[in-house]
Each structure stands twice: as structure tokens, then as C-alpha cells.
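Residue numbers (our numbering), protein chains in the order written: chain A, 17 to 503; chain B, 43 to 140; chain C, 1372 to 1873.
Treat the hints with caution; some may be incorrect.
Looking from chain B toward chain A, a few residues come up when the C-beta cut is under 10 Å (computed) [as the list claims (entries may be wrong)]: (1) Ile54; (2) Val72; (3) Phe73; (4) Glu79; (5) Lys85; (6) Val107; (7) Arg109; (8) Ser118; (9) Thr126.
Lysine-lysine pairs mimicking DSSO-like chemistry, simulated, CA-CA at most 27 Å apart [stated by the list, open to error]: (10) B:Lys138 with C:Lys1734; (11) A:Lys391 with B:Lys70; (12) B:Lys96 with C:Lys1749; (13) A:Lys391 with B:Lys96; (14) A:Lys352 with B:Lys70; (15) A:Lys391 with B:Lys135; (16) B:Lys135 with A:Lys367.
Label-pair restraints from in silico Cβ distances [to be verified]: (17) B:Val113 with C:Gly1509: 25 to 35 Å; (18) B:Ser118 with A:Glu359: 30 to 40 Å; (19) C:Lys1682 with B:Glu89: 45 to 55 Å; (20) A:Asn250 with C:Lys1425: 52 to 62 Å; (21) C:Arg1614 with A:Lys391: 45 to 55 Å; (22) C:Pro1538 with A:Pro259: 46 to 56 Å; (23) C:Lys1687 with B:Glu89: 34 to 44 Å; (24) A:Asp390 with C:Leu1631: 33 to 43 Å.
Treat the hints as calculated values from the structure; they're not laboratory data.
Where a beta carbon is used, it is the ideal one built from N, C-alpha and C, also for glycine.
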Amino acid sequence: MMNYNELTCHELKEMIDNQEITSEEIINSVFDRIDEVESKINAYISLFRDSALEVAKEIDKRIKRGETVGKLAGIPIAVKDVISTKGMPTTCGSKMLENYIPPFDATVITRIKEEGGIVIGKTNMDEFAMGSSTENSFFGCSRNPWALDRVPGGSSGGSAAALAADETVLALGSDTGGSVRCPASFCSVVGLKPTYGLVSRYGLVAYANSLEQIGPMTKDVTDCALLLSVISGNDPHDGTSAPFRKKNYMNALVDDIKGIKLGVPVEFFGEGTEKSVEKCVWDAIHKLEDLGASYHEVSMPHIVYSIPTYYIIAMSEASSNLARFDGVRYGYRAEKSGADWNEVFGITRQKGFGTEVKRRIILGTFALSAGYYDKYYLKALKIRTLIKQDFENALSKNLALIAPTMPTLPFKIGEKIENPLSMYMCDIDTVPINLAGLPSISIPCGFVNNLPVGMQIIGRLFDEETILRIAYTYEQNTSHHKEKPKI
Amino acid sequence: MAKYKTISQEQIEHVAWLARIELTENEKRVFTGQLNEILDYFKKIDEIDTSKIKPTFHVIDLVNVMREDKVVPSLSRKDALKNTPQKEDSYIKAPKIL
Amino acid sequence: MATYPFPQVKRLASIQKATPLEKFEIKIGLEIHIQLTALNTKLFCGCSADYRGKAPNTFVCPVCLGLPGSLPVLNKRAVDLAIMVALALNSQISSRTVFYRKNYFYVDMPKNFQISQYDKAGGVPLSIGGWVDFEVNGTVKRVRIRRLQLEEDPARLHYPGTIDSSPYTLVDYNRAGIALLEIVTEPDITSADEARLFLQKLRSIVEHLGVSNGDLQGSMRCDANISLQGGKRVEIKNISSFREVKRALQYEIIRQKQLLRRGSVVKQETRHWDDNRRITISLRTKETESDYRYFPEPDLVPVEISEDWIKELQSKMPELPDARKTRLVKEYGIPEYDAGVLTGSKALADFFEECCQLYSDAKKISNWIMTDLTRYLKELGIEISEAKIRPKHLTDMLKLIDKGEISGKIAKTVLSKMVRSGESPKRIIQKEKLIKISSKEQIQTVVDKVFEEFPKAVQDAKTDQNAINYLVGQVMHKTRGRADPEITNKLIREKLAKYSTR
């Protein structure tokens, strides 16, 4: 029997449509793999084998009857546990929501289900999406399939690890400051952060509303385009959702980048970036040149302020978004007899939240509080304008920008967790893009000592087509994406 | 360690109160060190003059996103209260006020 | 009437009577919250806004329950209604308005922040400035408006017992997310009575616009800020209806005066109005504005209000109370004073005009409404819209008086019953047998009886007018007021004349 779990969605789709295989076989293949390696990887918080098989059998029946089925019909998808799934646990990697079961589906889930996609489980993540390693999860850290003593990246570490270990075919993550791209880079998979507003946030448990997007995480660029086509498009439930109808991003998959001008922002290289990572990305840039593109160095002078700007904005918004967790309507509630609401709230939030979450809430509250609003929050929003302008300038002369996704190779578990600031510095190449709201895709571009390196392709607002095209072209002419880890 | 404190332990305790998180004594101590280190790094933003710059509140230029005044079905009471830790007679039970 | 089971309140009430009111300079500002009850749905979600009397937590959704991952989407009609109120209050409508988060924790908050608006830190509320003119003791008083803004209502809390003794709190989120229009005044109000009159005018305006119905429980609420003698500001919250405002302010004014007379200092604080015990109690020290950590709501984009949008609404504006007052004088020829009283409430003015469609003497209608009808409503403690009487009932009654079937005196009784029962005057007259007795024979029989029973009065009546009135009164008493007074008088005089010729 072939290991269907190792294939891509578009490969499997063809076989399903031709009735060469059934969805049930695919689901079983994936769950067999999960049984085999999950204890080593810890990619999942919840698994839904029975309900997945039920849906699979239903789809198989319909296909047999000759009915038209959706673009994702029968394909298993792993969903980051920050995205609401009706009737299925949605924990956000936190004790606070350990037993929370939403009564509604996120819009992206509704759309996936409409196309026949099958949610097989919820993946591990840094608590409330706050982190770059998945070490902040209440459910323990996930492991990088390429090296089990290293982090898979975060906060969508579970989704990336599941893909790399072939414990799923498709996955969803969310990206506030790099949380899709970072684990994609560390696990050698594809991760795309869409333009802000392209994909509905309805059902995404908010960390930082003005910065985040749900993004597809896949084994290759074709799958990425396919999944993006399904989940994107205007949603009346999301008041910040862009007024575009759904596009078919499959049309962007053209193996041709001749004449495309690429910008290489100098500030993303040099000090703070590991030499081996730099070399890998430069090799990729030269490959793109070989394929017909040209590159030009550009300067983005305000990028150097990205980390404080991002964190001030994100933590401020988070402090407000997470205020709702008080144990009254849902979630964890601490007990203390005779206590009034202030005390109960105080203890519930002390026990229900992990350390990093508490840190960020405190900092965010501080940044918005009396006398500090102008100095921190407002100031950060002004620098955001400057960073946005830097990108506009760089992208006015170039169709896309190329940069490393991460400044380092995947680091060891425990290496940075004691020093919050050192962890924040990991986001240096990803947060500027969230600040500007631009689309960016991370694709595998090589290995150093068997550890993955990812390359970021950053596009203009709502120009996912270009970055998909460049990514596709690179992928068609290389074979990094075909590598699999030995677990 | 930070050269001087941007935020004192007292301030952290006040902010924790605003955020309704009852920090343990250990947390207060450790956070004071860590948060000062982080805020020290954040001081970087003071380097740049933004007096003539407008803040960006929304990255994309949308206005007037509104909906019609049309009723849609609400959640069933069962679904609404499904995750509620404490309830009484279909009310949600919260701690006392005073 | 109200009973005062608590000694402290009784004491304060008696002090009020005993001590003459000294000249304490009083400054009152009001923060009014009006539910936009004309809306079908809530402010940020499609749940029905018709939650009154429904089972708890049955009109909720992920958005108004604050479930993680939910997002608000603005109700366009709420903005329409708010613009109309701004126009009626002469307030300057912002060309671009945004929503802000007001961050604070409380048991009635689904998200522990309220989506509201703000007028500092770059925030622009729906409208700024404006005024309301209303009459106080015959002169026109103006109260300036500071701003208007849209915001969401929190949930409703219930306590077994009172707020300070209850072991837990019961929360019903049906009301959470209902659209509120917040109207903030400048501290131009100088007495509890002025506050009442101001709110009455405001309610009439808002009801004439058709944006809110003050009859609905909790639809119009008020917080008050009050300071005496330039002292610290005390905020009074939880005044659940406009009717309670005068009482709450009166209590608080007395409380503060007490403190000042004793040489104590009035603390700056927030106090909670307990409408059962009718006292204010200290709840928490007033959180300074900055502690609300206001910042722009990232989930809602700005609203740009164009000139065209405003013009369209302006062209469809209903008639406002002041304009209606002028028209009533012109159209029905009633005095300005009457028109003013009638337009004090939309329901009352509507009642009047409907009556005028059915009966031509507008002044008569106006008189009956302003005197007896108003009195009966007050006795029952209800508003015209809660009473069962219909305009046709009143006009039918007036027609019966015209025809002579009942006297004016009887009519008052009939009116009092109509207010309560909603029955037609004909039915009431039949039931209670109130028809005027105009038959000479019938009255004669009664007159004869009265003459027999009261010989002394008959004797006195020869010279004393009072005795004649007494005899008339007795006839009235025996006929339960139904005897035609003129005929009665005539017959009595005739009979007396006969006596004197004996």
C-alpha cells in the first residue's frame, strides 16, 4: 500500500477524482502515520479519527454516485487550535480554554467544509499564538521532525511539524508576527501569510487584530495556491475583510519569472543573521537570477525599529483581546469561596494563563495606560507608517522582495525560552511584513547540517499571484521541497 | 540587567490589577527584571522623530463597512451556555459584586 | 405612595422640611443612555433587539456573548438614527467618526471592554456640541450638549437580594450589544427639577423622531455628575429610568449638603443608586479616564458621513416637538401654553391630535387632557400610552356631554373609569347607570323626598341660599349626581315658593 499521507493534496485529488483511491484510505493512512510518530512529534492537541472517517465515507459515497464534489473533497487538513471549529475543542494551546468547545465554525472552516475538506485534528501552538517556538504551549512543546531536540518554530509549530512528518496533507496556521512563516521555514514546508484582509478572521481567536491573518501551510506551492483559493475572499462577518470576491490562485502557478525585478532589502541580512542562513538564501536569490529574474539591493531604513514597534502594538491589542477570559461565560474558572468578582477574575487569570501570555498582557496594559499611551502605542503606530512607506518605496521599483524567513537555523528546545527578549528577536525578518499588511510566502530553500532554511518572498498588497508565481518557479526548478525528514 | 528601571515593581502590581491578574510574589520579582529589560530595548523607538508622522490604525483603506438591520437567528440557549462553568436557571452565574 | 422603612431616609426627609434650603451652588451634568429601540437588531450583530420579557440568554450569538474569535459588524441604521438625533439636538456631525475600546472589567461585560467612542487621543465621536431648549417656570432654559456617541449596552445583572448582600450574580446577555446613543451634557443643570424637565424634553424629541420608545423598561437611563459649591464631582450610576432621576438627585443633594454642613468633605467617587431603598451607596472610587486605556477599535473601520447622507436623512426628519407646538397653535387655535404641555410627550400630543380628528372643539379636548386626564394618569402612576383609554372614548364622552346625556361632573367619573378600563363611555354609563336624569317627574319625586327628610333645611331655605344649595346637594346625592342641576334647582325653588305661599 502506498503511503498516501506522504503525497500532496493536488496529487491525491487527481487519484480521488479518478476513483483510484478513496478518502477513507487517505484518512486511515494519515492516522496510521500519526499512530507511528505522534508520540515523538506532539504536533496535535486533539484528533478526530472517527468523525473524519465518517465524513470521508460520506464523500466516497457521493463520488461513487458521480456527484460533483468540492476542490478539497476527501483531503485531510490539520487546523491550528486557535481557529474555531464547531463542536470540536479549540484550546489555543492554553489551560484557559482546555475544555472550550465553540458553537460555531470559523469562516475558513465553513469554506473548507463546503469544498469537502476534512478536519482531522487541532494542532499544537504557542499559547494564544504568543511565541516563536511552540514552547509556550500548555500541552507541551512540539518537536521539529528534522531534529527532535529542536523547536519546530511558532506559534503554528504543530501545523508545520504535522506537515513535515506527513501526519497531514494540508494545514492551517495563523500569522501575527511570523507564526506561519517561521515554523514553515524551520520545518521545510510552505507557509503563506496573506495580505491583511484577504482571509476572514471570523473565528480566529484574536491575539493582535490589526496584524494577523490565517494562512495556508502546505507541502508545496500548488497546494498552497489551492488552499488559499478556498479560504480567501470577502466575508460579511469580518468588518476588516477586503471587498474582493474569491480569486483562483491556481492561475498564478506559472513556471516563468523572466524579467521580474526582485528587491533584496539589505537590512534583512548582515548582523543578527546566521552566516549559513544568509548563504543559503543568497544561493536561492542567484538561482532566481538564473531563472530569468533580476535582483537589486534596496534599503529600508526603518526596519531596524520593527521589533519594538510590532511588540508594542501586538501586546497592547492582546491585553485588550484577552480581557474576556474571566471564567464567567466559558473557559477555566478558579474557585475561591466567598471571593468577589475581582478576586475570582484575578485568580482565574493568574492560573489559567501561562507565563509568556501574562508578560505580554502586563506590558500591553502598561503601554496603553495613563501617561504611556502616546509614548508607546501611538509612537509605535507612527513608526508603523514609516515602515509601511519603506515597503511601498522598495516595492514601487520591484515586483517582490526576497529575504530570509528566519535569522537562524532551528534552535534547540530550551535555548531561548528563559530570555524573552532573545525569543522576540527571532521575529526580526517576519514582523515588518505584518506591520505593513503585505503578503509573504516562506518556501524551503536549502539545508544546513540537515536543518531547514526558508526563504521569504514578499509581495505588493493583494498581489499573492506574483509571490506564488515566483515561489512556484523556484520550486519547479529545485528539489528542497521533496526532502523528507527521517524520524 | 537594565541600567535603570523604566517600570517599578509597584507599577507592575498596579498594572496587574488593571489587567486583573493576581501575580505571585515570585512572578512580580521575575517580571520586574524581565519587563525592564524588554522596555529598555523598546526605548529604541525614541531615537526616531515622528512628530510629523500620522499613525497607521488600519493597514488597508476601508471605510463604511456596515450591515443591514435584519434579524438573523441567535444561538440556541443550549449552545450559548454549553461552555459556561456555572449556571442557574439559564442565567450565567458570576461571582458576587461586593 | 412610597414608604420609608429606613430611618436614615426618614431623617433626611424631615431635615429637608425643617431646614430652609440654603443657597448651595449646584452643578449637574448628565450622561444619558438611550436605547435605539427602533432598531430590529443589536449594534454589532444580527441578534434580535426585542429582548424584553424573553427567557434569559436566548437572544445571543458569538458576537454579543464575546466568544473568542467573534467580530463586530456595524448596523447602518443605528448610524442613521444617531444622525437624526444629532440634527434634532443641533449637534455638529463629524465627517469621519471612529470606534474606540473602553477597557475595564466588570461582571456585565462580555468582552471586558466596551466598544464605544471617545473624544480625545485622536478619537472623533458621532457629533459634537449642540443644545436643548426647554421651559422652566415660564422661561426658556438652554442646556448645552457636549457630544453624542454610539456604544453597546452591557448585559443585565440580577441579584438574589441586593447588590451588596448577594452571594453571587446572575447574568443575562440578551441586552448585551443593544445599540445605545450616549448623550453627554455640559454641567448646565442647576436643580433636580430642571433635570427632570430637561429629560422630559429630550424624551419628547427622541420619541418624535421615532428612534426610541421611552415606555420600554430600561430604554432611557441616566448617570448624573453632581458637585456642590465647586466641590468634588460625584458620579451617580444605575438610575434606571428618567423618572428616578429627580429622586436620585434630590437624595444626593441632601446627602452632600449634610456633609458640607457638618464640615466634612465630599469625596470624589462613584455611587450606585438603589431604587428599592432609594439611596445612593458608595461602590468604587471613580476610575480616572486614562485607566480605561482607550484605543481605536481595530476590528471596525472608520465611518465617513457625507453631506449627502445627512441631507437624505434631514429631508425625511419627522416633526419635532417645538415645530409641532407651533403648528398645534396655528392649526387648532389652542393657547401656546396648552400646546407646550401637550407636546411635552409625543404620546400625549398624538392623543390630542387624534381626538381633534373626531371632535371639533380643540380647546375643550385640550382642557380635559391637561386637567382631569392628566390627574387620573398621575394617580395611577402611568403614562398615556400605558392607559387603556383611546381618543374616541374621550371624544364620545364630550359628545355625550354636548347632547346632555351626562353632566360635566359625571363625565369626570366616566373619564376616570375609562382611563382604567378602556371601555367606551356608553358602556360605562350603562353599567354604572350614570345617565343624566332630565325627567321632571323623576327629579320631582326625589325633591319631594328630600323636602320630607330635611324639614329644617326647607325652613332655612326660605331665607338662606346655603340651605338651598344643601337641598340641591341632597338631591344630587340621592341621584348619585345624575339629576340635571338646572332642573333640580328650578323644581326646588318652585316648591319653596309653594311653601311660602301657604
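- Using Cβ atoms only, decide whether Ile54 of chain B comes closer than 10 Å to chain A, and label the hint accordingly. holds (6 Å)
- Query: For the hint on Thr126 of chain B, does the least C-beta distance to chain A fall short of 10 Å?
  - Reply: holds (6 Å)
- Message: So if I understand the rule, the pair passes when the alpha-carbon distance is 27 Å or less; does Lys391 of chain A with Lys135 of chain B pass?
- Response: violated (40 Å)
- Message: Tell me if the beta carbons of Asn250 of chain A and Lys1425 of chain C are separated by a distance inside 52 to 62 Å.
- Response: Given range 52 to 62 Å: violated, Cβ gap about 33 Å.
- Quick one: are Pro1538 of chain C and Pro259 of chain A within 46 to 56 Å, going by C-beta? Taking Cβ atoms as reference, Pro1538 of chain C and Pro259 of chain A lie about 51 Å apart, which means the hint holds.
- Are the Cα atoms of Lys138 of chain B and Lys1734 of chain C separated by 27 Å or less? Judged against 27 Å, a Cα distance of about 57 Å means the pair is violated.
- Message: Against the 27 Å threshold, does the CA-CA distance of Lys96 of chain B and Lys1749 of chain C hold or violate the hint?
- Response: Outside the cut-off at roughly 58 Å; violated.
- Message: Tell me if the straight-line CA distance from Lys391 of chain A to Lys96 of chain B falls inside 27 Å.
- Response: holds (14 Å)
- Message: Just to be careful: measuring from the Cβ of Ser118 of chain B to every Cβ in chain A, is the smallest value less than 10 Å?
- Response: With Cβ-Cβ at 8 Å, under 10 Å, it holds.
- Item | Hinted pair Lys352 of chain A and Lys70 of chain B, Cα distance within 27 Å | Distance of about 22 Å is within 27 Å: holds.
- Item | Distance restraint evaluation - Lys1682 of chain C, Glu89 of chain B, Cβ atoms, bounds 45 to 55 Å | holds (49 Å)
- Should the hint that Val113 of chain B and Gly1509 of chain C are 25 to 35 Å apart at their CB atoms be regarded as holding? Hint violated: Cβ distance 47 Å, outside 25 to 35 Å.
The structure fails hints 10, 12, 15, 17, 20, 23 (numbered hints given earlier, in ascending order).
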